[in-house]
Amino acid sequence: MRTSFRVGAVAMAAAAALLMSGCSSPAAGGDTSAPVSLSYWAWAPNLDKVVDVWNKAHPEIQVTVQKQDGGDPAITKLLTAIKAGSGAPDLIQAEYQKIPTLVAADALADISGTVGSDVKSAFTDGVWNSVTLGGDALYALPQDTGPMMFYYRADVFEKLGLTVPTTWDEYAADARAIHAANPADYLGTFSSSDAGWFTGMAQQAGASWWGIDGDAWSVNVDKTPTQKVAAYWGGLVEEGVIDNKPMYTPAWNAGLNTGTQVGWLSAVWAPGVLAGNAADTAGLWKAAPMPQWDASAPATGNWGGSSTGVTTQSTHTKEAVKFATWLNTDPAAVAALVSTANIYPADAAAAQSALTTAPAFFSNQPDFYKVAADVAKTVSPFTYGPNVNVAYSAYNDEFAKAADAKTKSAFLAAVTNMQKITTDDLTKSGFTVK
Amino acid sequence: MLAPGIVLFLAFMAAPIVYTLFLSLQKKQVKGLGLGSGGRTTAFAGLENYIGSLTNADFGASVGRVLLYGLVLIPLMLGLALLFALLLDSRRTRAAGFSRTAIFLPFAVPAVISSLLWGFLYLPAVSPFYWVFDRLGWDVAGVLDSSTVLFAIANIALWGGVGFNMIVMYTSLKAVPTDIYEAAKLDGCTEVQVAWRIKIPIIAPSIVMTALFSMVATLQVFAEPTTLRPLTNSLSTSWSPLMLVYRDAFTRDDIYSAAATSIIIAVVTFAFSFLFLRVVQKRAFGQED
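Residue numbers (full-length UniProt numbering), protein chains in the order written: chain A, 1 to 434; chain B, 1 to 289.
Isolated chain A, as found in the complex (with noise of 0.2 Å):
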């Protein structure tokens, strides 16, 4: 009792000292009452330190980064709190996958009402629709995004004579020939974790997994894109010339290294992924864009990316979204989560200046970032239903059971169980599914 007191009393103090430095502080502007403070529920390395500018420069709205582990724990923590009515964040870093599945449990406020209407220009159309969902409301504010491209071993592809595979008949060819020159190697592997890998590939397929018609939902997973996509990599793996293991394990971490992985089809981030894994290529490696279906028509999907979104338990919706609109549009913000967090800003105009230095992985290619831009403008549109955490664990399954069996039949037989999966998810919930 005496303790709490005490700690009561200090904070009194601290807050009243705050009170008035705020008064005395030109930054204020006027404001006088306590300084508000917001928690931030955020998993991108270094965020904080980006945070710590506004902080600074902001001594009435104070942020306090609370470090989680990841897109998916961060996510099933909110959805705890909002299910027990306390303990949220008024900030939640949450991936755009994600966005249906917290509307849905009414974790998200919609802060169309409170952002300015200016934002929505710095983005692009398709971003801004996953943080809409397509409607009038607004869920979150987009940090950055993923757009995927390919990353190859620029010193392998010279020795073997192999030309950069601008479709997919040519990456087939040349994974034959790396296969064919080196059985150990290959140029890169079917994975069944990373249902966000997947789903990018049928994104740039033209694949769009669900839909909204009117008062109801469609899951349209089993349609000629997905399946064009599994039955060319359900080919490449019966033939065995690209691998079936899993992404992100130690035996893949040290494939990168070791150069048995030659390529790796991934996002604009890889480079941090890669620095990481695969130290000793340094310099060795080069990015192009995605191989295309349709070479005349360049596409791309996304793999990653969130956006900050405020919770229905904040009591500060205000200043939330004056932090959260600060952090991913302000051009000294955005630059800073560029060059401090290693992120791709959504608000990729905003980070023109802090783009234009390749990553120091990449030193080997210094029009990386123009690269990057180019790709990013193709990205197809991709829209995701209030259920996409079991489309994406039917994936791990199902895709793991096909790449286990290295059959073309088992690679579309996978995406009809997806299919069946999330549908009889949404019906079983009480959906109108058409």
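Among the clues, some could well be false.
Claimed, not checked - In silico DSSO-like cross-links for lysine-lysine, where the CA-CA straight-line distance does not exceed 27 Å:
| hint | chain 1 | residue 1 | chain 2 | residue 2 |
| --- | --- | --- | --- | --- |
| 1 | A | Lys434 | B | Lys31 |
| 2 | A | Lys428 | A | Lys83 |
| 3 | A | Lys434 | B | Lys28 |
| 4 | A | Lys77 | A | Lys49 |
To be verified - Looking from chain B toward chain A, a few residues come up when the C-beta cut is under 10 Å (computed):
| hint | residue |
| --- | --- |
| 5 | Val30 |
| 6 | Gly32 |
| 7 | Gly34 |
| 8 | Leu35 |
| 9 | Gly39 |
| 10 | Val126 |
| 11 | Ser127 |
| 12 | Pro128 |
| 13 | Ser146 |
| 14 | Met209 |
| 15 | Ala211 |
| 16 | Pro230 |
| 17 | Leu231 |
| 18 | Arg252 |
These are computed hints drawn from the structure, not numbers from a lab. Ideal Cβ positions, reconstructed from N, Cα and C, are used throughout, including at glycine.
Knowing the structure of chain A, use the given hints to seat chain B on it.
Relative to the frame of chain A, chain B by itself:
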């Protein structure tokens, strides 16, 4: 005097069980697109979730897998534990203190850590074992392949389990009065005969207890397959019953059917343990009645 115990039991055992029962009888009900506040409500589901769990092929398959896993693991684990306990208790054993610690030590390693360590050893690309096999020119298949992954998981559990069960059995061996052994010796018994005819029957109650604990632990296997899952295509998110519960509750956000599955697992485990005790009680505890 019992008040603190009762309060703790009510708060941390009874209340969660009652709440789980309550959840298991509900389901979520969506209106329209299910977006925004009021888009989702809960409704009474009756036994729907239970029927769903019991008819779920994934659940049946996961139970089948852990039963097989138990058949592989438990006899081997308890057999080794008993063998080591008897060896340590035999008078001719040297360096008993060191051996005891060495056998017990793996139990002190948390399952997640040991699974990570074994994960490295199982992956051909990073495993020192495979490096040696490679040098010897042997072509050894990956142990994380679907045909052998069950043994790979059992192996991880074996190391920790042998140590723990060995200590339990060894402790009860130490409680046996030594004059019994002297009498047996005078009658001309060999060490093996002493072990087989005196020691094992006397510690039978501890063997039964360790068997019961092992069975319950087997039905609840979770940490090892969950940790190994990202490394291989051969472990699904519903490999064991508890993984299925975890997936439904936290990945699929369907806490209601997860609650129903949990209740079913709890009831089956309870019935299983009760039945097992009923069957072996007479033999093991007969002399105490």
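Results of checking the hints against the structure:
1. A:Lys434 - B:Lys31: holds (15 Å)
2. A:Lys428 - A:Lys83: holds (20 Å)
3. A:Lys434 - B:Lys28: holds (20 Å)
4. A:Lys77 - A:Lys49: With a Cα-Cα distance of about 23 Å, the restraint between A:Lys77 and A:Lys49 holds, given a limit of 27 Å.
5. Val30: holds (4 Å)
6. Gly32: This interface hint holds because 5 Å falls under the 10 Å limit.
7. Gly34: holds (5 Å)
8. Leu35: holds (5 Å)
9. Gly39: B:Gly39 check passes; min Cβ-Cβ to chain A is 6 Å, inside 10 Å.
10. Val126: holds (5 Å)
11. Ser127: holds (9 Å)
12. Pro128: violated (12 Å)
13. Ser146: Holds, about 6 Å.
14. Met209: violated (36 Å)
15. Ala211: Where the cut-off is 10 Å and the nearest Cβ of chain A is about 33 Å from B:Ala211, the hint is violated.
16. Pro230: holds (5 Å)
17. Leu231: holds (5 Å)
18. Arg252: holds (5 Å)
Comparing the model with each earlier hint shows violations of hints 12, 14, 15; every other hint is respected.
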